[in-house]
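Required output: the full structure, derived from the provided sequences and hints.
Protein chains in written order, with the working numbering: chain A, 6 to 420; chain C, 6 to 420; chain S, 6 to 420; chain V, 6 to 420.
Be careful, since some hints might not be right.
Identical chains blur together in the list; that is why a pair holds if it fits in one copy or across any two.
Said to hold, decoys possible - BS3-like, lysine-lysine: derived pairs with alpha carbons at most 27 Å apart:
{"#": "1", "residue 1": "204", "residue 2": "25"}
{"#": "2", "residue 1": "25", "residue 2": "43"}
{"#": "3", "residue 1": "206", "residue 2": "339"}
{"#": "4", "residue 1": "25", "residue 2": "38"}
{"#": "5", "residue 1": "204", "residue 2": "38"}
{"#": "6", "residue 1": "293", "residue 2": "204"}
{"#": "7", "residue 1": "25", "residue 2": "206"}
{"#": "8", "residue 1": "142", "residue 2": "206"}
{"#": "9", "residue 1": "116", "residue 2": "135"}
{"#": "10", "residue 1": "339", "residue 2": "142"}
{"#": "11", "residue 1": "116", "residue 2": "142"}
{"#": "12", "residue 1": "204", "residue 2": "339"}
{"#": "13", "residue 1": "116", "residue 2": "204"}
Hints listed in this document are in silico derivations from the structure and should not be mistaken for laboratory results.
Letter by letter, the chains look like this.
4 protein chains.
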Amino acid sequence: MFSETVELRGHIIDSLILPKVLDEILTRGAGFKIAEIKVGQNRVDQSYARIEVSASSEETLAEMLLRLRQHGAEVIERADVQLAPAPADGVFPENFYVTTNQQTFVQIAGKEVSVESPMIDSAIAVSADKRSARSVKFYDIHEGDIVVVGQQGIRVEPVQRDTDRTSIFQFNATVSAEMPKTATIREVAREMQRVRQRKGKILVVAGPSLVHTGAGDHLEKLISLGFVQRLFTGNGLAVYDIESALYGTSLGVNLKGGALVEAGHENHMHAINRIRQAGGIQAAVDQKIVTRGIMHACVRQGVDIVLSGSIRDDGPIPGVTTDALEAQRIMRDKLRDLTLVLMMGSMLHSLAVANMVPPSVKIVCVDIDPRAVARLTSRQTFRAVGLVTDIEPFLRELTQQLEHPDATSSGVSAS
Amino acid sequence: MFSETVELRGHIIDSLILPKVLDEILTRGAGFKIAEIKVGQNRVDQSYARIEVSASSEETLAEMLLRLRQHGAEVIERADVQLAPAPADGVFPENFYVTTNQQTFVQIAGKEVSVESPMIDSAIAVSADKRSARSVKFYDIHEGDIVVVGQQGIRVEPVQRDTDRTSIFQFNATVSAEMPKTATIREVAREMQRVRQRKGKILVVAGPSLVHTGAGDHLEKLISLGFVQRLFTGNGLAVYDIESALYGTSLGVNLKGGALVEAGHENHMHAINRIRQAGGIQAAVDQKIVTRGIMHACVRQGVDIVLSGSIRDDGPIPGVTTDALEAQRIMRDKLRDLTLVLMMGSMLHSLAVANMVPPSVKIVCVDIDPRAVARLTSRQTFRAVGLVTDIEPFLRELTQQLEHPDATSSGVSAS
Amino acid sequence: MFSETVELRGHIIDSLILPKVLDEILTRGAGFKIAEIKVGQNRVDQSYARIEVSASSEETLAEMLLRLRQHGAEVIERADVQLAPAPADGVFPENFYVTTNQQTFVQIAGKEVSVESPMIDSAIAVSADKRSARSVKFYDIHEGDIVVVGQQGIRVEPVQRDTDRTSIFQFNATVSAEMPKTATIREVAREMQRVRQRKGKILVVAGPSLVHTGAGDHLEKLISLGFVQRLFTGNGLAVYDIESALYGTSLGVNLKGGALVEAGHENHMHAINRIRQAGGIQAAVDQKIVTRGIMHACVRQGVDIVLSGSIRDDGPIPGVTTDALEAQRIMRDKLRDLTLVLMMGSMLHSLAVANMVPPSVKIVCVDIDPRAVARLTSRQTFRAVGLVTDIEPFLRELTQQLEHPDATSSGVSAS
Amino acid sequence: MFSETVELRGHIIDSLILPKVLDEILTRGAGFKIAEIKVGQNRVDQSYARIEVSASSEETLAEMLLRLRQHGAEVIERADVQLAPAPADGVFPENFYVTTNQQTFVQIAGKEVSVESPMIDSAIAVSADKRSARSVKFYDIHEGDIVVVGQQGIRVEPVQRDTDRTSIFQFNATVSAEMPKTATIREVAREMQRVRQRKGKILVVAGPSLVHTGAGDHLEKLISLGFVQRLFTGNGLAVYDIESALYGTSLGVNLKGGALVEAGHENHMHAINRIRQAGGIQAAVDQKIVTRGIMHACVRQGVDIVLSGSIRDDGPIPGVTTDALEAQRIMRDKLRDLTLVLMMGSMLHSLAVANMVPPSVKIVCVDIDPRAVARLTSRQTFRAVGLVTDIEPFLRELTQQLEHPDATSSGVSAS
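Have a look at this one:
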């Protein structure tokens, strides 16, 4: 039998860390002995556990320690991390450590160093003076850069559950299609107001269906009210928004009149052509070609727009970053200082953001497809709220709440 | 080769009848020759076609004529229908004719008789004096009753497309999750106002998710405004509505406060007990136990409620018809004089209604699941509008439109 | 402040009971102090915790104790249960205790009595001699019957997690559409073989889509191999199965030939008529009218069939219980001695079963709609396996595994 | 009133062209008069109609003619197309004609010229000598290139319905989750065999879920059997396939063992690193690092792989085209000579292909999400078959059919 002693500290029972650790051990057919346990007597107290883990092979033990470490367990007799140089540009050394989306620390020369820009599925590069560490993607690495390998000397600090038990962000919870949404939307509105008051930053990630469903007016209003600092989307939303501003249609469907009569699938092509001719969105706004809509509001309010391209784009319009790697880099830079992300109807962009967002950011994810909501919120331990609903009425109600925070939420009961 | 000549009359091109007929023939590997065709020169004109159909076997020809007849084709040299007595109570004679949900005529002694209460998947019983015919279910039939058998002497008149090309009911169309719904909801509201003005009857068919999503207030308002004459639902909606009236929760979820905290799954059981103790819904309203909600509004407004039971019911409360056949009979009686049906979030009750509704009734079907909408609207040729959306915001917007028909639809743009 | 002391015993950390209890307390804004905790040193050891719970009102405290009791907490200084007579037939006394689907014990005259037939959403009736107790539905109760009221003297024993960590039933887990299913199907097959060896009983709950998708052959085979002891379904599956046996179609779709050509929606009506004429399924098999299919196999193998009616039925055929309450009673009787339930493509029947199934039964739930799987497995703590997949290939692979347990699962790799 | 005369030719009734044309006219509130109609007497005969269309404004008339032209109507007194030079690189002239995905002809100097590489949402560029025309995307166009503008002189030839009425590709049909699929899969297999015999080319478009569900083995087999000439996918499928080849897992889920235990989300990162180190997929196969799987089979069989990047990629591995425009160009080139496309579980890549595929190509689209299938097949008039099912069992059955075409489709009934 091979064994090792690990320690757990913090709200390990309340945040489900201890049970998860024991569960991992048992699921792998390994054994444990709790050498010592001190459970916090009151809810603000921290707890402590020392556990001897044993497995039948050294390999199983090593793999298990890797898992336990991701739950915040640390192996006693802590050693320094092991390091190795990158063998080539864009290539990590064998057996490099793959990060989670939790805050991570590495021990170098007996001292713990926090890993900057924690991000899922990255490696950890250590600076030449070994005083700092940061998470890196393949494209960040150059031959000879020093990278953490193996499992030793690494400590993960899981996000602990919010102690404010009135916040909807203490959970990782989803309001399903069959549940009432008004109260949750009101809480999202309150959170956005708090963020604005404290000069925090809100990112909207959205897909083209936002415009198709007629929700463009609401997002335009949200931007004008100052609740959006950044917008990540693709060529599609921009094109349909401009089509709507120029022709009143979205993919040929008239947004105001009867949705059942189609008119003019060419409109979006002519919209693209006009923006290309003008030289871009900013230019089209300056030349008063585009005088309303989401893009117009973004230009007016100085919202930072990131448009990333995809292989299904028509056009695209100028300003779209067609290279996926380049777009990833731009998005990552603009994710560092966020407070809240609102994801609406875009699997592609939302997954890209979920891959790079720091663990501290709060996430609200809205989609009519329950599978999309489940995929996007599943990566977060806490701080993620999902709503399975139609984007248009969601945004309408959210905007009403933000414009008239004192009014009751429902137009019906107000009368 | 076996062949037969059929005739088509009416808006056979505009209503897609001629193409469907030719399609049926070709799909079955049969042949046709168009002996004569007169296409209406203008849109109000009717068209006419005479087609010789031929097939390799008599059986194929007979089956094809059966199909063609459902598209309105009639076989020339029309004969009287064939009749046979029912061999036992609840049993039709061999080879009985199975109806569609189109208006049907049978020729008896050289004269055409219209079939009363046309309904899908029924037989046709002829009165003893052979002057009238009506569609019958298995449970309607007694030994010796005279029933139509075979295919001969039967003429079907498909619903022709509405000539009012501004009506959303001229189509069988669905507004998908990715399309704007505001304009369609406005048209539904207008139609409901027209129906109310003309003293027509509106049926609401709803499931329990209507209450869970917090839309109960909106339906209560709709009833109070006089837009609902009948309500078909089950024990569940009634129980959750009364739970909401008594305790403010629905299946233990607080409808006004945070949806994310559950409280009291027992509430619906205590609600059932109180209604059983009181003796029923009407009694509970009279005794002022229930003073608000959908059921309360129905009692006050004299809305005709049909509660049908199912095997997943708790309780049930008094007034629920637990026998499925008895419930079918009650519903069928209350479907005869309807103008419009609004189906929301109930596959079970909606399919039961779709099975029995006369072809002239307009249908609006709302569900967040696109498959439910597709199944419910697929049986109608025209006059069915589907919306894939969340019920709560749909009903909120519909109710606002009906209360304030002059206001713009969006609370946002109204400000 | 109002406070009370509760105790927890068993695998309270491994089975997540302690964390859930603390979570309930914190979520309700109450406080706790852990007076004593003994964590099992090894995985077979039980743990123990004594916790002082405090709340700001007596009401909150009482409600919280109710919740904690459902997680297995018991209040120290245990008292006898409180009892009250039923005020009328079918009516429980005020404040009756509502059961969960966990094993429950009540203390009467200082002695603990186990509640027979534990079932969710029931009351507890105590025998006249107060020596036994059983869970009762509204229709079971008569005026004067003694019923448990309030929260005191009740102990709940949650299902503890299976200690066999190789079993798929130790979890409440769902294999989503995007995950591999072969290994899980193999485990389900192994479990079914174990059940058959030990003379356990397997119930199949199925809906009509099983026949529509062409999976009827597989279920017929499963029955012939002796893997099904009971079948709960509705009129629909029986009718389409018999339509398939008589005409080779299901709702008019040819099951063997091209699925894209429709033929004969009347077939199911003629099938119903023939069974009504014959006098029922058994009679139709005896008279050699029905010589193949699921119903035929059930009659041959002596499988206990429960057919319950619904308001969307055509017919129905003889043998269908059209009264929902009567059908509930029949199903409940046949659920007592089950080992495993296989639910496929029937929300209605599966929910009815999930409402009444004892906590010890293992559940396998298969549906192509992830929401259906989620609803059906969510009520179980452990022992439920969900698969989001097509029923036809699932049943094909399961049947192959059961026929040829040694063969590799995939026809491709076998070659 | 403004009016114009249009002509329709071909199987205009059988292919639903005449009804669609009349429908367009009526829906827009315009009028028509059928000046002449000759309906083909037999199924091989073509039909002809001459229709006078009238509208209240010149604008409405012009727009209507545009629509009618897309249904194949041609305006009598045909004129030459109007041409204008592109004002800048990547910008079309004002009012450029936007193509559909139908075969299109333009009249230049009185002669009709066929537009090469017909593709939806493009412009038409005319060669300098005005003898040829081709469809162009924005990025194809340079300042001064001659482009078709307006609506005049353009004729569209809609795909006419296949006269082989036994082919599943005569329809645009979808086999829903509730329908039998075996017969359709058999027909797809037969079509693939015909294509292989005639040296046609089959393209597979697939997403990563194909590997996650354990269907990689089947696709590998399909490639080895010579049924795949091209594979369009992204970084994800390639990475998970190589992870599976190297470690036996897919996104950390063990494909052969129990799907319910997760192991090693790092595996896909280490897989990426090894391919980057090796220098690419071909190199990794040459160096015997990758010795099995889809990518390995592609390299061995000389299948043309197009890997296009997206913003959610990890890595990517060498060979992925990260620029979306560049990837579009590569895909377009490889779509010209296809016979059949099999789309499985990839919305992004499938939509990109659907945007560029020539109208003659047959499409089979498989997804467990009915909305994905609906979106992908909706653009095709005919020749598209959708199946709403799980990819793994679909591919298993298809591969079995292709390996053993004489065997019955079901392993169960074969025994």
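Hint check results:
{"no.": "1", "hint": "204 - 25", "verdict": "neither (37 Å within a copy, 36 Å between copies)"}
{"no.": "2", "hint": "25 - 43", "verdict": "both (17 Å within a copy, 18 Å between copies)"}
{"no.": "3", "hint": "206 - 339", "verdict": "within (10 Å within a copy, 44 Å between copies)"}
{"no.": "4", "hint": "25 - 38", "verdict": "both (15 Å within a copy, 22 Å between copies)"}
{"no.": "5", "hint": "204 - 38", "verdict": "neither (49 Å within a copy, 38 Å between copies)"}
{"no.": "6", "hint": "293 - 204", "verdict": "neither (31 Å within a copy, 52 Å between copies)"}
{"no.": "7", "hint": "25 - 206", "verdict": "neither (33 Å within a copy, 34 Å between copies)"}
{"no.": "8", "hint": "142 - 206", "verdict": "within (25 Å within a copy, 38 Å between copies)"}
{"no.": "9", "hint": "116 - 135", "verdict": "within (10 Å within a copy, 68 Å between copies)"}
{"no.": "10", "hint": "339 - 142", "verdict": "within (16 Å within a copy, 32 Å between copies)"}
{"no.": "11", "hint": "116 - 142", "verdict": "within (25 Å within a copy, 58 Å between copies)"}
{"no.": "12", "hint": "204 - 339", "verdict": "within (16 Å within a copy, 51 Å between copies)"}
{"no.": "13", "hint": "116 - 204", "verdict": "neither (35 Å within a copy, 63 Å between copies)"}
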